[in-house]
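K.L.:
Residue strings, one per chain:
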Amino acid sequence: MLIPSDVRARLRGLRFASRLFANGLGLGQHRGRSRGAGLEFEQYRSYEIGDEPRRIDWKLYGRSDRFFVREAARDSPLTIWVLLDATASMAQADTARPGYTKFAAAKLLAACLAEIAVTQGDNIGVIGITGDGVQLVGAGGGARHRDRLLIELDAFVCGGRWPSEAMFAPVWERVAIDSLVVIISDGFDAALPVVAQKLAAARRQVLSLGIVACDERDFPFAGGFIFRDPETGAECRVDGAAARTDFLARFAAARRELGTGLARHGVPHVEHYLDEPADVVLRRILAGAG
Amino acid sequence: MISLLAPVGLAALAAWLVPLLLHWVRRSDRQIVPFAAMRYLREQTHPRERLRLYEPWLLILRLLLIAALALVLAVPILRGQGAPSAPWVLVAPGVTAAAARAAVPMPLAEWRWLAPGLPPLDAPLPPGESGASLSSLLRQADLELPPRTAVTIVAPEELGGLDAERVRLAHSFTWRVLPGASPSSAVDDGADQSVGAASGSRTTAPLTLAVRADTAGEAELPLVRALAAAWQVEGLNLQWDSSGPDAALPATSAWLIWLAGPLPPGIDAWVRRGGTVLASRQTAHDDGAVVLSDAAGAPLLRERQLGRGRVLSLAGPLRLGEPPATAAAQGGIGSASLNATLGAADFPHTLLMLMRGPPRPPVRASAAAVAPLATGHAPLGPAQFLSPYVALGVGLLFLAERLLATRRRLGA
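Chains as they are written, first to last, in our numbering: chain A, 1 to 290; chain B, 1 to 412.
FYI, nobody ran anything at the bench for these hints, they're computed from the structure.
Here a beta-carbon is modelled for each residue, glycine too, at the ideal position from N, C-alpha and C.
Take the hints with a grain of salt, since some may be wrong.
Stated by the list, open to error - Example chain B residues on the side facing chain A (calculated, C-beta under 8 Å, incomplete): (1) Gln31; (2) Ile32; (3) Pro34; (4) Arg42; (5) Pro206; (6) Leu207; (7) Val394.
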């Protein structure tokens, strides 16, 4: 999985931010929940048995005649999970660029996210949801983890339909509270917004990236075609020129509805077109998240 | 004026169906596009069924190619309607050039011999026997001369080389008859002799009857002499020339009676030049048409064509009274039936008719009586075949079609 050099160069200015507390282990760049000894004063709290006596603020004791303990905030790393929609519909590519599928674009976005996360010392993991089960790279940080993630991500495949709820156990087991979840999908699976809403309601910050093919945006088909749904296998014969206007209107309405539905639950949704570089959409969604 | 020699070739235009069908295939309907957003398409937008032709320029080129091929099959010709040229004077052999020039006062005309190739009158008439009939030459000249050309034909009084069909000419012509006679050819001679001998109205040169007999054949000579005598009684002017088998044949001899076994190659060559031979005691007796059978239906006399001549072969000896055993051993023909046939009263006449062969049609007539008739329509003029040009067009169209077809394929 190679990130194009120009895209990689433009990734430098991007960074994750979370409105939740970061709760990763170790030191990070995000405001964390853990308190303790440190430089950055956070708060006073009343002494409890077991606190070290040297942490008592004796000057405050002189003023108030009560024991208070100084606490400092400690910056923690963020844990980011990339949730890849790996159903069969993601195998679709543009007629103008047949080799570049939506899934390839999604993997490229995930690689870019890993690059950003590792650069700022955060942990990142990837979960690919296929019809048969879940492909997973556990969360971790550091350059070695990033390299391992890129190699394993390259082997991800897509296929099948959106799985049942039972298959989501790994997601709920791994994606801890306060972590950041980036969902990358084509938005055609009705269950995905539900998952996003559940995650958002359960104190995870969720960002949604929708991938839209240029064929869907422009509908360049003229003449008779047979369209096949890659997930259901259903076919329908369509006259391209006649169907264009109606299709574009309905498709735009559906995307608008998806965006507003997600936004209602606090999930920002941005769209990535297959013919634009990967950093454009990342710039938009990471700016919105901060 | 362009016309087609074989208009049935235009039936090849039925091949137009092939490229039309090829280009009518609705290709993109077979194209299956994976499209996840299919649910937003309305089912009602089925492609309309209408006549759709793909790559119309290639189709037009292919239709043109087939049309040109059909045109080649139909053999197009162009008949020119050129400007009126100088009048032509065709002089039939038998009239001298000087006499013709004196009789026809047209010094600026094209003067030609009515001979194969229409040689100019100034040149001497090509010697030798032409073999081409005068009627046929006239018809060919009528077809090949430029249209709107006045033709004067100078013919001798006694015109030879005619055929059974009266000549009809499309050109406007003048028929001049001058004293003289067409030179006679060997073909004419044979015909004349047959006619003359049959009718008796005409005295002809004597016909040499050559008889060649070996020692065994000596016994057959009496019957041959009897036959010759009978033929002379019928009016045939015969000259007898009897000798051994090795003697050379006289130059004027037309008939030969061979009584010396199988025919040697020298005789074969003589027959091929136009001779007629009656050969007895022929062992190779199974080819040729049976022209005479005995009472039981067994073949007695066979005739076969050899070059321009004919061979009449007899299985047994040409004599009477042969013992039955010998005859059966030699040819398998019963001696009794052979004797009955050879001894019949009408055998000399039958054999004479066979020796003469089929009567030939008369080829000479009075020129005034066989003046050509007018066809009534304008002469067509010489035809120019357009097939090479159309074939060149086919080649160019084929190249263009290949270029267009492969260019599209490379671009895809």
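K.L.:
Against chain A, with CB atoms and a cut of 8 Å, does the hint on proline 206/B hold up?
P.N.:
violated (96 Å)
K.L.:
Does the CB of leucine 207/B sit less than 8 Å away from some CB of chain A?
P.N.:
Where the cut-off is 8 Å and the nearest Cβ of chain A is about 91 Å from leucine 207/B, the hint is violated.
K.L.:
A closest beta-carbon separation below 8 Å is what the hint needs, so does valine 394/B meet it against chain A?
P.N.:
violated (34 Å)
K.L.:
Tell me if the interface restraint on isoleucine 32/B is satisfied: Cβ within less than 8 Å of some Cβ in chain A.
P.N.:
Status holds, d = 5 Å.
K.L.:
Should the interface hint for arginine 42/B be scored as holding, given a Cβ-Cβ cut-off of 8 Å against chain A?
P.N.:
holds (6 Å)
K.L.:
Can proline 34/B be said to touch chain A, with a Cβ gap under 8 Å?
P.N.:
holds (5 Å)
K.L.:
Given glutamine 31/B as an interface hint, is the shortest Cβ-Cβ distance to chain A below 8 Å?
P.N.:
holds (6 Å)
Checked against the numbered hints above, the structure breaks hints 5, 6, 7 and satisfies the rest.
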